[in-house]
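All chains, please: the whole structure from these sequences, using the hints.
So the sequence lines, in the order shown, correspond to chains W and S. 1 is the number of the first residue of the first sequence in the working numbering; add one for each residue after it. 1 is the number of the first residue of the second sequence in the working numbering; add one for each residue after it.
Hints in this document: simulated from the structure, not taken from any laboratory. Quantities reported herein were computed from a predicted structural model and do not represent experimental measurements. Careful: at least some of the hints might be erroneous.
Calculated lysine to any residue pairs in the SDA-like style (CA-CA distance at most 25 Å, straight line) [as the list claims (entries may be wrong)]:
{"hint": "1", "chain 1": "S", "residue 1": "Lys694", "chain 2": "S", "residue 2": "Lys705"}
{"hint": "2", "chain 1": "S", "residue 1": "Lys64", "chain 2": "W", "residue 2": "Ala50"}
{"hint": "3", "chain 1": "S", "residue 1": "Lys64", "chain 2": "W", "residue 2": "Lys116"}
{"hint": "4", "chain 1": "S", "residue 1": "Lys616", "chain 2": "S", "residue 2": "Glu577"}
{"hint": "5", "chain 1": "W", "residue 1": "Lys139", "chain 2": "S", "residue 2": "Lys705"}
{"hint": "6", "chain 1": "W", "residue 1": "Lys139", "chain 2": "S", "residue 2": "Gly51"}
{"hint": "7", "chain 1": "S", "residue 1": "Lys694", "chain 2": "S", "residue 2": "Leu360"}
{"hint": "8", "chain 1": "W", "residue 1": "Lys73", "chain 2": "S", "residue 2": "Arg61"}
{"hint": "9", "chain 1": "S", "residue 1": "Lys694", "chain 2": "S", "residue 2": "Ala468"}
{"hint": "10", "chain 1": "S", "residue 1": "Lys64", "chain 2": "W", "residue 2": "Arg54"}
{"hint": "11", "chain 1": "W", "residue 1": "Lys139", "chain 2": "S", "residue 2": "Leu648"}
{"hint": "12", "chain 1": "W", "residue 1": "Lys112", "chain 2": "S", "residue 2": "Glu35"}
{"hint": "13", "chain 1": "W", "residue 1": "Lys73", "chain 2": "S", "residue 2": "Glu38"}
{"hint": "14", "chain 1": "W", "residue 1": "Lys116", "chain 2": "S", "residue 2": "Lys705"}
{"hint": "15", "chain 1": "S", "residue 1": "Lys64", "chain 2": "W", "residue 2": "Lys112"}
{"hint": "16", "chain 1": "W", "residue 1": "Lys116", "chain 2": "S", "residue 2": "Arg62"}
{"hint": "17", "chain 1": "S", "residue 1": "Lys64", "chain 2": "W", "residue 2": "Asp69"}
{"hint": "18", "chain 1": "W", "residue 1": "Lys49", "chain 2": "S", "residue 2": "Phe66"}
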Amino acid sequence: MTPQEFLTQALERYERPLVSYARSITGDLESARDAVQETFLRLARQDFKALEPRLAPWLFFVCRNCAIDHCRKVVRLAPAEDDDVVPDPGRSPADDATASEDAEQLRALVEKLPEKQREIVRLKFDAGLTYREIADVMKMTVSHVGVQLHHAIQTLRTQWQRANALP
Amino acid sequence: MNDPRITAYAVGELEPAEREAFERELATSTELQHELAETVALAEQLTAKLGDTADQLDDARRAKIFAAAHSGEAHRPWARIWVPAMAAGFIALLALVSLQTRRESGTSETSLAATEPQGVDLMTAQTVLAKSGGEPAGIALAGQATPPHPLLDAVDGTPPEFDVFIKEGKAAPSDAESSETGALLAEAKNHLEEGRYDLASRHSEEVLRRDPYNTAARRELEKMSTEVSTFASNDAFNETRSRISAPFSADAKRKAEAEVPAAPQSTANRGVWANTALATGWDSPQAPGQVGGPTFNTEAYDSVTPNGFLDVAGNPLSTFSIDVDTASYANVRRFLNDGMLPPSGAVRIEELINYFPYDLPAPAEDAPFSVTTDVTRAPWNPGHLLARIALKGRDVAPGSLPPSNLVFLVDVSGSMRPENKLPLLKRALRRLVDRLSPKDSVAIVTYAGSSGVVLPPTDGNDKAKVLAALDRLESGGSTNGAGGIQLAYETAREHFLPEGNNRVILCTDGDFNVGVTSQSELVRLIEKERESGVFLSVLGFGTGNVKDSTMEKLADSGNGNYAYVDSLSEARKVLVEQMAGTLFTIAKDVKIQVEFNPATVAGYRLIGYENRLLAKEDFNDDTKDAGEIGVGHTVTALYEIVPAGRKLPAERSVDPLKYQTARTREPAPASEDLFTVKLRYKAPDGDKSRLIEKAVGNEVVEFEKAPVDCRFAAAVAAFGMKLRGDEDAEKFEFADIQRIARESLGADPGSYRAEFLTLIEKAKRLHEESGASRE
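Structure representation (structure tokens):
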């Protein structure tokens with residue numbers, strides 16, 4: 001496989017989930033795109049063959065660092081802001097015009113989760129990583145990933161039921 | 001319930017040992033079952049809906065990424081760690097070297113490697129760097145002169161970490177001890193790749209014994225244990241999950257149905273629980289990570305590039321294999337009846353054309369089939385000609401058919417449960433069984449997570465026994481297609497009738513999700529089995545999860561045919577009216593080669609048969625597999641021909657050759673022929689092919705005067721071209737197609753052509769709607 005083919009395939013497979021993941025960290029689409037661009041620029045300089053078996057965790061790990069880095073820079077530039085970067089849960093109506101109501105609601109609930117859980121939910125369900133891979137990306141133990149994801153699911157279930165409770 | 005195992009189980013992440021324990025608890029606790037059902041439902045919602053298609057890069061950023069790949073910034077792993085480090089200071093360099101040696105000789109003080117193999121290196125590297133250089137690695141690296149992306153490479157320090165991460169276990173050994181471990185490790189890797197897990201693990205363990213901190217060996221072991229457990233337990237897991245969930249999913253279903261009338265006005269308020277209980281994997285368990293159920297369309301079609309026009313000078317020969325399949329027509333009909341235009345990959349024009357019976361002359365005494373040709377004008381482009389090549393297989397009186405040894409291989413996985421799958425299949429097979437003669441034998445093999453013989457080969461006169469076995473078929477579990485196929489072929493071979501028709505009839509929705517699932521591997525498996533002289537028929541069922549491409553390829557490679565059964569009437573057509581054609585092959589590996597005459601033809605294109613094209617050399621090569629023709633089958637191929645002197649549409653120009661003068665082959669002495677058709681075929685049990693040849697003159701019949709069947713086939717071809725969005729058919733309207741079809745209904749036995757008229761009407765309306773919504 002040529003580097004171009006490798007990159008093309010990696011983009012096809014991971015571009016969308018990476019941008020979504022980065023956006024859940026940075027809170028806005030443009031910085032998320034910056035982070036993903038950086039991620040792929042770094043990928044272009046890697047030994048593809050060696051990287052291939054753990055491409056997914058590598059991409060999300062690097063992307064996570066780029067996104068977090070970006071947040072730090074923003075904080076440095078604007079010290080008035082709170083240290084914890086609060087993502088913007090509101091999306092422009094145009095973004096979601098085509099998304100179904102359920103999907104919109106579900107995403108909004110995911111956005112409200114604590115930072116770590118939000119990331120794990122995205123990595124598991126949107127990007128399709130295994131617990132082991134998530135553990136590598138987030139630098140936590142596999143069992144911790146399991147516990148966090150379970151908490152997230154519990155919260156989502158409760159909130160979803162509340163939101164959709166019968167009148 | 002605060003038990004992370006619920007979530008882990010729902011997403012398929014529970015270790016095998018824990019899984020068993022969990023399943024035992026699950027069986028006794030309704031509360032746990034309820035929790036699990038809701039968790040699975042939510043997990044599937046999240047998988048399906050979390051992704052936002054708006055989250056994409058823009059073109060500028062994408063271009064930059066590709067530019068980086070081109071600009072020779074490609075990977076220089078060591079340079080990126082060593083060079084900047086040297087620039088930053090000698091101390092840092094020394095630190096890395098000593099880290100490397102220490103790690104490899106196993107004297108590293110840190111024992112973190114045991115619990116967190118990945119990423120340890122950076123931590124250690126940074127600590128060492130910080131200790132010896134007094135500065136953290138990131139800052140030390142920032143001193144490099146002109147890095148390609150100084151910020152990226154230096155400030156956050158992530159790439160070096162991953163470079164180390166990648167390089168582990170590959171670094172040059174520094175002493176005798178580690179060179180031995182290196183060799184052991186390489187061997188372990190080989191064993192793992194070849195699936196010899198015991199040897200691989202023994203080697204890796206040996207490495208770990210010598211060097212407890214060898215992360216590469218540890219990772220190898222880890223990988224192995226996942227591979228082994230996935231291999232062994234997927235089956236059992238899918239099976240158990242569906243078994244356990246069966247009782248309470250029925251319960252959830254009842255509850256959900258009871259809930260619906262409670263809030264009849266507001267579907268939005270009904271919540272996803274009611275919906276998902278019905279729509280999620282509980283009805284059709286699937287491999288983890290797959291999304292199923294009526295809400296998500298997971299049908300798979302190969303993309304098709306329509307055959308373009310070829311110029312005769314460069315391509316005097318056109319070679320392809322015949323195709324008697326009709327599945328695509330039934331599938332297209334299903335789409336249109338459901339109010340959708342079919343995806344273009346689902347439209348195989350030759351299968352649309354060959355769906356209809358045509359009235360063709362019976363073959364001569366000794367030939368298995370007859371060949372009919374016509375030349376008329378293409379209705380969608382009067383400047384072009386349309387040539388029809390039609391074959392008809394010999395008819396055999398029902399009483400004189402050879403005995404059959406049939407093995408029904410029935411997919412009883414969970415995805416087959418819907419009314420239009422297994423229940424329809426059972427009704428369809430009853431009709432076939434009714435027709436069996438006492439000489440025939442029938443067996444039924446089922447497959448889901450595991451496969452088994454539910455009816456051993458039974459005489460055709462013991463119909464009650466066969467029907468009883470059919471009645472007992474029930475769905476549940478995952479789909480291990482490969483295992484079932486092997487067992488079915490074995491059963492067929494055991495009762496092989498040397499003089500008879502030996503055939504496996506695979507009935508499935510084609511979604512093989514356990515065991516050998518890759519299409520090419522299944523194809524290889526079937527190609528191997530084909531040698532035994534057992535033929536294969538594939539009957540496709542169902543909607544929403546049809547793996548059309550898998551089923552077609554299986555039938556092709558198994559010397560067989562593929563039909564799609566969407567209704568009881570289609571079942572009657574395939575299994576009763578055309579039973580002989582479906583089940584009795586009269587000629588195999590039938591290939592067609594057409595040689596066009598450059599004196600009369602400028603160019604041509606074959607309509608359809610895109611996935612049946614053969615190289616010109618394949619025609620005379622008897623080892624090349626091709627299509628089969630059954631009793632009474634008809635096969636039609638259409639060529640659109642550009643007469644000599646006319647320009648080909650959208651001809652792509654090629655510069656004239658520099659080192660050769662245009663080498664025109666010497667024209668044969670003034671022939672007025674348009675083309676010559678050559679056919680090769682083998683007897684069903686033969687290895688050597690026979691040849692039929694027929695020259696076709698340049699006598700063009702006006703379209704209106706062409707034979708009824710020829711006109712009807714042209715209408716069907718145009719219909720297929722329209723559905724595919726073919727440019728050449730763009731100006732030809734559905735109304736034109738309707739007119740031609742209406743005028744060429746002929747006798748229409750079975751009213752299939754009349755039904756075609758209604759499909760044109762539906763396609764026309766849908767096409768207008770989609771056109772309107774685009775504007």
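Now for the hints, and whether the structure bears them out:
1. S/Lys694 / S/Lys705: It holds: about 23 Å lies between the C-alpha atoms, which stays within 25 Å.
2. S/Lys64 / W/Ala50: Distance ~24 Å between S/Lys64 and W/Ala50 Cα, so the pair holds.
3. S/Lys64 / W/Lys116: violated (31 Å)
4. S/Lys616 / S/Glu577: violated (36 Å)
5. W/Lys139 / S/Lys705: Roughly 77 Å between the alpha carbons, so the hint for W/Lys139 and S/Lys705 is violated.
6. W/Lys139 / S/Gly51: holds (24 Å)
7. S/Lys694 / S/Leu360: holds (16 Å)
8. W/Lys73 / S/Arg61: Roughly 20 Å between the alpha carbons, so the hint for W/Lys73 and S/Arg61 holds.
9. S/Lys694 / S/Ala468: Violated - the C-alpha atoms of S/Ala468 and S/Lys694 are around 51 Å apart, more than 25 Å.
10. S/Lys64 / W/Arg54: Cα-Cα ~24 Å, so holds.
11. W/Lys139 / S/Leu648: violated (62 Å)
12. W/Lys112 / S/Glu35: holds (22 Å)
13. W/Lys73 / S/Glu38: Violated, because 41 Å separates the two Cα atoms, which is more than 25 Å.
14. W/Lys116 / S/Lys705: violated (75 Å)
15. S/Lys64 / W/Lys112: With Cα atoms ~34 Å apart, S/Lys64 and W/Lys112 exceed 25 Å; violated.
16. W/Lys116 / S/Arg62: Distance ~29 Å between W/Lys116 and S/Arg62 Cα, so the pair is violated.
17. S/Lys64 / W/Asp69: Holds, at about 20 Å.
18. W/Lys49 / S/Phe66: Distance of about 18 Å is within 25 Å: holds.
In summary, the structure is inconsistent with hints 3, 4, 5, 9, 11, 13, 14, 15, 16 from the numbered list given earlier, while agreeing with the others.
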